[in-house]
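**Q** In case you want the letters, here they are:
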Amino acid sequence: MINKGSYVRIRKTLLQPDERSSNLPEETKKVPYKMWIKGYTLEDGELFDIAEIKTIDGRIVKGRIKEHNPAYKHNYGDFVPEALELRNRIKGDFHE
Amino acid sequence: MSNAYDTLMARKAEIMKKSVGIDYSIYEYEGIGFDFEKLMSDQGYTIESIREIQLENMVGNTPLVELKNITAYARKFAKKGYGARIFLKDEAANLSGSFKARRAALAVHQAKKLGYKGVIAATSGNYGAAVAALAAKAGLKCIIVQECFDSKNVSQPEILEKARKCEAYGAEVVQLSVGPELFYYFLKLLDETGYFNASLYSPYGIRGIETLGHEIAEEIMAKEGKYPEAVGVTNAGGGNLTGTARGLKDAGAINTKIIAASVDLTGLHMASDTDFNKKSFTTGHTGFGIPFSTYPDRSDVPRSAGRPLRYMDQYVVVNQGSVFYMTESLALLEGMERGPAGNTSLAAAFSLAQTMKENEIIVVQETEYTGAGKHLLPQLSFAKKNGVELLFGNPLDEVPGKNIIFPENGGLLQHRELNMDDLRRSYLKRYKEVTLTEEDYQFLCDELNVAKEKILELL
Numbered sequence: 008m009i010n011k012g013s014y015v016r017i018r019k020t021l022l023q024p025d026e027r028s029s030n031l032p033e034e035t036k037k038v039p040y041k042m043w044i045k046g047y048t049l050e051d052g053e054l055f056d057i058a059e060i061k062t063i064d065g066r067i068v069k070g071r072i073k074e075h076n077p078a079y080k081h082n083y084g085d086f087v088p089e090a091l092e093l094r095n096r097i098k099g100d101f102h103e
Numbered sequence: 031m032s033n034a035y036d037t038l039m040a041r042k043a044e045i046m047k048k049s050v051g052i053d054y055s056i057y058e059y060e061g062i063g064f065d066f067e068k069l070m071s072d073q074g075y076t077i078e079s080i081r082e083i084q085l086e087n088m089v090g091n092t093p094l095v096e097l098k099n100i101t102a103y104a105r106k107f108a109k110k111g112y113g114a115r116i117f118l119k120d121e122a123a124n125l126s127g128s129f130k131a132r133r134a135a136l137a138v139h140q141a142k143k144l145g146y147k148g149v150i151a152a153t154s155g156n157y158g159a160a161v162a163a164l165a166a167k168a169g170l171k172c173i174i175v176q177e178c179f180d181s182k183n184v185s186q187p188e189i190l191e192k193a194r195k196c197e198a199y200g201a202e203v204v205q206l207s208v209g210p211e212l213f214y215y216f217l218k219l220l221d222e223t224g225y226f227n228a229s230l231y232s233p234y235g236i237r238g239i240e241t242l243g244h245e246i247a248e249e250i251m252a253k254e255g256k257y258p259e260a261v262g263v264t265n266a267g268g269g270n271l272t273g274t275a276r277g278l279k280d281a282g283a284i285n286t287k288i289i290a291a292s293v294d295l296t297g298l299h300m301a302s303d304t305d306f307n308k309k310s311f312t313t314g315h316t317g318f319g320i321p322f323s324t325y326p327d328r329s330d331v332p333r334s335a336g337r338p339l340r341y342m343d344q345y346v347v348v349n350q351g352s353v354f355y356m357t358e359s360l361a362l363l364e365g366m367e368r369g370p371a372g373n374t375s376l377a378a379a380f381s382l383a384q385t386m387k388e389n390e391i392i393v394v395q396e397t398e399y400t401g402a403g404k405h406l407l408p409q410l411s412f413a414k415k416n417g418v419e420l421l422f423g424n425p426l427d428e429v430p431g432k433n434i435i436f437p438e439n440g441g442l443l444q445h446r447e448l449n450m451d452d453l454r455r456s457y458l459k460r461y462k463e464v465t466l467t468e469e470d471y472q473f474l475c476d477e478l479n480v481a482k483e484k485i486l487e488l489l
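Residue numbers (the numbering used here), protein chains in the order written: chain A, 8 to 103; chain B, 31 to 489.
In case anyone wonders, no lab produced these hints; they're calculated from the structure.
Check the hints yourself; a few may be wrong.
[Said to hold, decoys possible] In the DSSO-like style, the derived pairs of lysine-lysine whose C-alpha atoms are separated by at most 30 Å in a straight line are:
1. B:Lys414 <-> A:Lys73
2. B:Lys256 <-> A:Lys73
3. A:Lys61 <-> B:Lys414
4. A:Lys61 <-> B:Lys147
5. B:Lys432 <-> A:Lys80
6. B:Lys308 <-> B:Lys68
7. A:Lys19 <-> A:Lys69
8. B:Lys308 <-> A:Lys98
9. B:Lys462 <-> B:Lys68
10. A:Lys45 <-> B:Lys415
11. B:Lys432 <-> A:Lys61
12. B:Lys42 <-> A:Lys37
13. A:Lys36 <-> B:Lys68
14. A:Lys69 <-> B:Lys171
15. B:Lys308 <-> B:Lys432
16. B:Lys42 <-> A:Lys69
17. B:Lys143 <-> A:Lys61
18. B:Lys256 <-> B:Lys110
19. A:Lys80 <-> B:Lys171
20. A:Lys11 <-> B:Lys171
21. A:Lys98 <-> B:Lys414
22. A:Lys69 <-> B:Lys147
None of the values given here were measured: they were computed from a predicted structure.
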């Protein structure tokens, strides 16, 4: 249960594939044009329900709830051995 | 196209006029041109007043540092007597962490002056954070519209970080999937909210960078008793180059060579859903740099104030692996950890310096902040997840989207030169069938910075 007033991220389809701009590569033309936006739900609901939210700006937008309490998940990625090698090469190259 | 789309797009001119506060039609000539200088000077700002607005907002007066170790490194690969001194303007020191704050400071000031309640900007880059930060300081509402994710709902880590930063300043962030229809939704938001269009390409968005050119000219003159021989500018939408060059010239550095640099993303289509997450740079690349140079008016205002071919003396590209190489070099040799995209012109300068004499000076005019997502490590990790191979070798062999090739050693880090006449020809191609008047030719001479004979030859 996601209570009214919870902070969520919704997804909304803005344009279906046949409504999209004509000047697009094939792979883009065949997929819908979508939006993500966050805000406070205006009604009780469940994950994946269609709901109205009030955004930070105060606008009302309707879409499917994709996330409850959306967190920032971007980070420094997985260990990349090549990055370490890059460092070692630069140091070696400069001091050689 | 749906009716909603067509109806809204048909009202484009009206929405634009209301949201930028400029009637562009008064600058139009009868033929193909418009009065660029008047558009720039008409908005009530002088270089002094721009400086004042920026300083009040913690923008500008960034440190100019000589990169002595990187210069020494470049000289290892230069002929005797060659290897120009490389200086760097640390623009990451601006409020919000990039030179974009210079542009945002003026745009937001204008929005406030004209009585708008809020500002909107369409950008996946640092400009969003800059507008959000300045809007927060000015007490204005702010919406940032980003192109962010592909049809599999996968986002560029760099863009997610910028969204976080915008939200930290209290802005609303609208994230869209891949495609040029961003402009449609952007117009819809302008119409719905009545906010100011803080376009990167308005006169405010460009004049705000003129202070950067001024500072470079004045600071190098004060330190070295001369203007720099060259300034390297990372080129995407053309505003950075236009503003910096105008500032340099206005300050007196009329002979300083203006060198554009972009990351080479040849072969990746900017509107492609599948190519979107195969690139490791979301700005500063040829996918923006070339089309915006050869057709500046593709922007989100009727006439772009970013017109790079007016000022560009040379245009070079470097590969993704080289920019990552210099990003690491800057941290390892100079103790400056900065964001990769901002180091595009640094990578170019490392190679260009080797073609210049050792008593000459090349200034790299920007850096940007770095952090989770917007850093070499997450970007390389993301590239690998998207099937891009990481290799060491000759960076000129890199195939964007397939691999990233780091130079095997500093000596292999080389720029590739673009043919300026090819760019000019591409600009002129839409006038091939047009009967041009003398006024039109004059406009084209100004636009391409060449004489009429050259225009005739290129046409």
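**Q** Which of the numbered hints above does this structure break?
**A** 2, 3, 6, 11 and 13
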